[in-house]
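A.B. asks: Going down the list, the protein sequences come from chains A and B.
The numbering of the first sequence is numbering that gives the first Met the number 0, which starts it at 0 and goes up by one.
The numbering of the second sequence is numbering that gives the first Met the number 0, which starts it at 0 and goes up by one.
I should point out that these hints are in silico values taken from the structure, not numbers from a laboratory.
Since this is a predicted model, take the numbers as computed values, not measurements.
Any given hint might turn out to be false.
As the list claims (entries may be wrong) - Chain A is faced by these chain B residues, among others (derived, beta-carbon under 7 Å): (1) Ile13; (2) Ala17; (3) Tyr52; (4) Gly53; (5) Ala85; (6) Val110; (7) Pro126.
Said to hold, decoys possible - Computed Cβ-Cβ distance ranges for the label pairs, DEER-style: (8) A:Val139 - B:Met128: 26 to 36 Å; (9) A:Ser110 - B:Met128: 22 to 32 Å; (10) B:Gly58 - A:Leu80: 23 to 33 Å; (11) A:Ser110 - B:Arg256: 56 to 66 Å; (12) B:Gly46 - A:Phe209: 51 to 61 Å; (13) A:Gly160 - B:Leu179: 33 to 43 Å; (14) B:Thr6 - A:Leu250: 18 to 28 Å; (15) B:Val31 - A:Gly108: 50 to 60 Å; (16) B:Met128 - A:Pro156: 15 to 25 Å.
To be verified - One side only, chain A facing chain B, incomplete, derived with CB under 8 Å: (17) Leu94; (18) Tyr114; (19) Phe176; (20) Pro213; (21) Leu244.
Virtual Cβ for every residue (Gly too), placed ideally from N, Cα, C.
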Amino acid sequence: MASASADSRPAGADETARPSGKRRTTGEPAAPQESVAQRPAAAPGPAAPGSISPRPAPQVPTAPKRRAGRSGSLTRLLWTLPPIAVLGLVFLYPLYLVVEQSFHPDEGGTSLAPYREVFASEAFREALWTTVWIAVGATVGCLILGFVLALIIAFVPFPGGKAVAKFIDVFLSFPSFLITLALLFIYGTVGMANGVWTDATGAASGPFDFLTTPWGVLLAEITYFTPFVMRPLLAAFSGLDTAQLEAASSLGARPARIIRQVILPEALPALAAGGSLVLVMCLNEFGIVLFTGAKGVTTLPMLVYSEAILESDYPAACVVAVVNIAISVSLFGLYRVVVARTGRGATSTLSKGASRVGA
Amino acid sequence: MLVHSRTGRWATWIVFFALFLPLFALPLLVIVAASFSTHWSGAFPSGPTTEHYGAAVRGESLEALTTSLITALTASVLALAVGTWAALAAAALRRRGKRVVDALFMLPVAVPSVVVGLAVLVAFSKPPMLLNGTRWIVILAHGVLVTAFAYQSVSAAVTRLDPAYEQAAASLGARPWLVLWRVKLPLLLPSLNAAAGLCFALSMGELSATMMLYPPDWMPLPVRIFTATDRGSLFTGSAVAVVLMGTTLLVLLAVSRIRTRASYR
């Protein structure tokens, strides 16, 4: 996947790039400066009349910019306004409208009635509970499975391990609902697993019938989100000095002890970051639940969809949306804090999440 | 090397593939297998056919494919423009200001995409900005969803830029515009490229916000897959899904080829 190679690079590069960059500027200044020097030197000729003139140079280059003080920082602030204005128009203002509408019942006026109504309904409470337990369960599953798989790829290397890592990148670039579609063929009523069972035992129908229950959603989410835990873990493991492992094992430590005392402490930041990201993504997952097509499994995003599109009850949909936003934004904030604390792999982990959140 | 004995290593690898193959490789294989068959009532699919692909690249499905491609392309270009501008402007700010811009542009990631769809639907169904029912509402929502990722990857690349280059250019008298155009943007080209691929792949597979918004004459591929499987035609749905995966992979491959060329320059 395109993001893959670019993202896995920064994690390691972060530590190495800075020193080497510094070395380059002090140690051998000639090379990089020359290449840059040539460009601007040639540039004023052809470029000056056309491309620069649209805006008559507002300020002087870097060094004086700092001295320019207040007016310089004001200009810089002004330059951030256009993109923020665009974002405000197409995202922040619509979001505000959702919150506003959640206080306006269909009968008119401003009241908490929609909230009272929604909170009192059995469907909402059940959806909230289903969402939370599936998300927590899937996160725990992803963490365990991702840790085991990443551990083997990193520390019990086998030929083809690189290909497996590449496959995981590709996997991440596909939308989530494909997994549910595939599970229909594997565990569906006439699917593979049941087919094998009926062929082997001669029974009329197979034992696998969990796809339309929450367990089917759980399996699909664990399958789809495990790679999001594995990527940051693999990045963290590649930074681990194998000499530590050799030393520990030469001193007689068994693999279990090495994992617990050497590898796990090193992996904790990546586990925390990956885990909290997966938790947020599971809370917001829609495609998997929609494709399951189960009446029995309703999560908060599903409830938003059915209230708004199927029942056209916008105030109720907005109330559920506000609850959903509150949960996931606070968790996402927590995730950002965790990543900022641990520092390492911050940029890479997020882009890994990237490929997911859209679907 | 964590396990030293030969048998131990083999045992570990067997555990790995026993987990990895059925969980990750099998689903994709099964979709491909299903797209070539007419029946699946047993251990293996039966009735090999390429008929579904005939249906998948004609009529409604072909329309869905072009719809998805146009949507993804437009949304990616818009998101890259806004995201890159914001990232470059934020990098010049002080720490506090950058944090605020960061938080604002990361917010669409934290908000569930169904809710992004709902918000766009609520905001753009009223006269001053009436987009509901047109293709632009879908493109707009996709743009919002992927802008965060464009911003995030460009922003990460900007902080890794060696300031020596722009300082050198500026000290030689290049104006800020020239520094941006001839020094910074060329240096950022590889990450812009990666961001473009990421945005494109995300937009191609976007389902949740699209389900809230799509007008009948602008139905992207994921919605088409859903309507097909919802009606019970699982095999046609699989063929369309394979087309979706193939197109995404092809575009990603093309983008990464351009990237290698750009980074060698």
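A.B. asks: Hints first: check each against the structure and report whether it holds.
C.D. replies: Evaluation of the provided hints:
1. Annotation: B:Ile13 was flagged as interfacial toward chain A, and the flag is violated, the nearest CB pair being 10 Å apart, outside 7 Å.
2. For B:Ala17, the suggested interface contact is broken, since its CB lies about 11 Å from the closest CB of chain A, more than 7 Å.
3. The interface hint given for B:Tyr52 is broken, as the beta carbon of that residue sits about 16 Å from the closest beta carbon of chain A, more than 7 Å.
4. About 20 Å separates the beta-carbon of B:Gly53 from the nearest beta-carbon of chain A, more than 7 Å, and the hint is not met.
5. Satisfaction of the interface hint for B:Ala85 is found here, the shortest Cβ-Cβ separation to chain A being roughly 4 Å, below the 7 Å cut-off.
6. Using the Cβ-Cβ criterion of 7 Å, the hint placing B:Val110 at the interface with chain A is satisfied: the shortest such distance is roughly 6 Å.
7. The closest approach between the C-beta of B:Pro126 and any C-beta of chain A is roughly 14 Å, which is over the 7 Å cut-off, so the hint fails.
8. For the pair A:Val139 and B:Met128, the beta carbons lie near 43 Å from each other, so the given range of 26 to 36 Å is not met.
9. For the hinted restraint 22 to 32 Å between A:Ser110 and B:Met128, the CB-CB distance of approximately 27 Å keeps it satisfied.
10. Range check, B:Gly58 to A:Leu80: about 46 Å between beta-carbon atoms, so the 23 to 33 Å window is missed.
11. At roughly 58 Å, the beta-carbon separation of A:Ser110 and B:Arg256 lies within the given 56 to 66 Å, and the hint holds.
12. Range check, B:Gly46 to A:Phe209: Cβ separation about 27 Å, and the 51 to 61 Å hint is violated.
13. Look at A:Gly160 against B:Leu179: about 42 Å separates their beta carbons, and that is inside 33 to 43 Å.
14. For B:Thr6 paired with A:Leu250, a C-beta distance near 23 Å keeps the hint of 18 to 28 Å intact.
15. At about 56 Å, the CB distance of B:Val31 to A:Gly108 agrees with the hint of 50 to 60 Å.
16. Roughly 56 Å separates the CB atoms of B:Met128 and A:Pro156, a value that falls outside the hinted 15 to 25 Å.
17. The interface hint given for A:Leu94 is met, as the beta carbon of that residue sits about 5 Å from the closest beta carbon of chain B, less than 8 Å.
18. Checking A:Tyr114 against chain B: minimum C-beta separation of about 16 Å lies over 8 Å; hint violated.
19. The restraint placing A:Phe176 at the interface with chain B holds, with a minimum CB-CB distance near 6 Å, inside the 8 Å limit.
20. At about 18 Å, the closest approach between the beta carbon of A:Pro213 and any beta carbon in chain B exceeds 8 Å, and the interface hint on this residue is violated.
21. Given hint, A:Leu244 at the interface with chain B, holds; its Cβ is 6 Å from that chain's nearest Cβ, closer than 8 Å.
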